[in-house]
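Counted from 1, the sequence shown has number 171 at position 165 by my numbering; the numbering is strictly sequential.
Derived from the structure by calculation, the hints contain no laboratory data. Incorrect hints may appear among the rest.
[Said to hold, decoys possible] In the SDA-like style, the derived pairs of lysine to any residue whose C-alpha atoms are separated by at most 25 Å in a straight line are:
hint, residue 1, residue 2
1, Lys68, Val146
2, Lys182, Arg44
3, Lys182, Gly309
4, Lys182, Leu166
5, Lys71, Asp138
6, Lys71, Leu151
[Said to hold, decoys possible] Computed Cβ-Cβ distance ranges for the label pairs, DEER-style:
hint, residue 1, residue 2, range
7, Asp147, Pro231, 24 to 30 Å
8, Leu154, Ser320, 38 to 44 Å
9, Lys182, Ile327, 42 to 48 Å
10, Val322, Pro180, 30 to 36 Å
11, Lys47, Val146, 40 to 46 Å
12, Ile327, Leu166, 27 to 33 Å
13, Phe15, Phe175, 51 to 57 Å
14, Pro48, Ile132, 45 to 51 Å
15, Trp130, Val322, 36 to 42 Å
16, Ile103, Lys310, 43 to 49 Å
Ideal Cβ placement from N, Cα and C applies to all residues, glycine included.
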Amino acid sequence: MDSVLIAVFGCIAAALLFGYTNGFHDSANAIATSISTRALKPRVALGMAAVGNFIGAHLGAKVAKTVAEGLVVLPNGIEGLLIVMSGLLGAITWNFITWYFGLPTSSSHSLFGGIVGATMAGGWIIAGNANDWVLWGGIVDKIVLPTLISPVVGFTLGFLVMIAVYWLFRRGRPDKLNRGFRHAQTVSAAAMALGHGMQDAAKIIGVIVLALYVGGIQDDATHIPQWVYWVSAAVMAAGTYAGGWRIIKTMGRKIIDLGPPQGFAAETVASSVLYANTWLLGAPISTTHTITSAIMGVGSTGGKRAVRWGVARSIVIAWIITFPIAALVGALFYLPIHLLG
7 MDSVLIAVFG CIAAALLFGY TNGFHDSANA IATSISTRAL KPRVALGMAA VGNFIGAHLG
67 AKVAKTVAEG LVVLPNGIEG LLIVMSGLLG AITWNFITWY FGLPTSSSHS LFGGIVGATM
127 AGGWIIAGNA NDWVLWGGIV DKIVLPTLIS PVVGFTLGFL VMIAVYWLFR RGRPDKLNRG
187 FRHAQTVSAA AMALGHGMQD AAKIIGVIVL ALYVGGIQDD ATHIPQWVYW VSAAVMAAGT
247 YAGGWRIIKT MGRKIIDLGP PQGFAAETVA SSVLYANTWL LGAPISTTHT ITSAIMGVGS
307 TGGKRAVRWG VARSIVIAWI ITFPIAALVG ALFYLPIHLL G
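Can you build the whole structure from these sequences, using the hints too?
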């Protein structure tokens with residue numbers, strides 16, 4: 007079998023493994039609030055999140071095309087494929103590390119960091135210059151700016167929506183309101199799961215399309231074969247159903263004490279931000295950053311002590327270091343893989 011074709015298969019396998027880790031790592035995005043408020047039983051919530059991710063994968067083509075052609079320019083053939091594989095292995099490694107410590111970091115930023123780091127290493131080794139291989143303008147527009155803006159938007163909208171909920175239902179009985187919002191969370195959690203699939207499954211799709219293009223399997227860097235939708239959605243759904251309980255505990259219990267109204271507000275805000283970015287901008291934003299910042303914004307309506315800021319600070323630090331560390335790990339993976347290739 008041709009070495010390029012073997013490398014294409016290797017990249018696809020690595021992308022699907024990343025998709026599986028993304029599923030259990032980021033399943034907390036969709037269902038942590040619903041589980042912690044007892045709106046949904048854990049396995050029911052995970053099943054619903056898996057279905058939402060599966061359906062959402064078919065709606066995120068705009069994001070997938072951004073990932074496939076808007077971040078790096080790789081050489082065709084074996085060298086480009088080795089870079090893609092190294093970046094994916096870097097992202098998978100960082101996903102496992104942060105999952106082990108229960109940190110809700112961005113799998114998306116692990117992926118982007120890993121691929122950019124591997125691309126830079128490949129550029130320096132092969133061409134002596136990595137600047138022509140990394141589209142820094144695309145990274146600033148599609149990753150850096152959304153990373154800075156989306157948590158601020160999520161926090162602000164979470165705060166405002168929660169204030170509106172308090173005002174609208176200020177005369178309601180707490181027990182009756184809690185029951186009502188538990189039912190409403192079924193809808194908001196489903197919306198969040200769909201948004202997660204639109205964003206994160208689309209990134210897996212984008213990487214597979216990139217590997218197919220670089221490997222010469224297809225001539226168009228943005229064409230998405232139908233089978234790529236299905237396999238990406240399937241592994242994401244399987245990973246989601248496996249569950250990432252360490253991170254679910256962090257998101258659902260350690261940041262704030264969530265009640266059904268707070269959970270509904272956070273999920274509604276986060277899913278709205280995800281839909282707007284997917285359909286209007288095609289920007290691959292972090293679902294983790296969005297829902298976590300919305301939870302913090304919702305919690306801050308209860309006063310300074312309602313949010314466990316020590317936990318929040320640790321999460322934000324993990325956000326900041328994810329891209330550079332994943333880039334470093336991706337670059338380190340490239341060195342031996344390049345020699346073996």
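Checked hints:
Straight-line distance between C-alpha atoms of Lys68 and Val146 comes to about 18 Å, which keeps the hinted pair within the 25 Å bound. With a CA separation close to 15 Å, the supplied pair Lys182 and Arg44 stays within the 25 Å bound. Only pairs whose Cα atoms come within 25 Å are accepted, and Lys182 paired with Gly309 is accepted, the gap being roughly 24 Å. Restraint check: the Cα-Cα separation between Lys182 and Leu166 comes to about 23 Å, which is no more than 25 Å; the hinted pair holds.
For the hint pairing Lys71 with Asp138, the CA-to-CA distance comes to about 20 Å; that is within 25 Å, so the pair holds. Simply put, Lys71 and Leu151 have alpha-carbon atoms about 18 Å apart, close enough for the 25 Å limit, and the pair holds. Separated by about 27 Å at the C-beta atoms, Asp147 and Pro231 satisfy the suggested range of 24 to 30 Å. The hint said 38 to 44 Å for the Cβ distance between Leu154 and Ser320, and at roughly 19 Å that hint is violated.
Between Lys182 and Ile327 the Cβ separation comes to about 44 Å, which falls inside the hinted range of 42 to 48 Å. In this structure the hint that Val322 and Pro180 lie 30 to 36 Å apart at CB holds, the actual value being about 32 Å. Separation of Lys47 from Val146 is about 43 Å and conforms to the stated range, judged on CB atoms against 40 to 46 Å. Our hint of 27 to 33 Å for Ile327 and Leu166 holds, since their Cβ atoms are close to 30 Å apart.
The hint said 51 to 57 Å for the Cβ distance between Phe15 and Phe175, and at roughly 55 Å that hint holds. For Pro48 and Ile132, the Cβ-Cβ distance of about 48 Å falls inside the hinted range of 45 to 51 Å, so the restraint holds. Between Trp130 and Val322 the CB atoms are about 31 Å apart, so this pair departs from the stated range of 36 to 42 Å. Roughly 32 Å separates the CB atoms of Ile103 and Lys310, a value that falls outside the hinted 43 to 49 Å.
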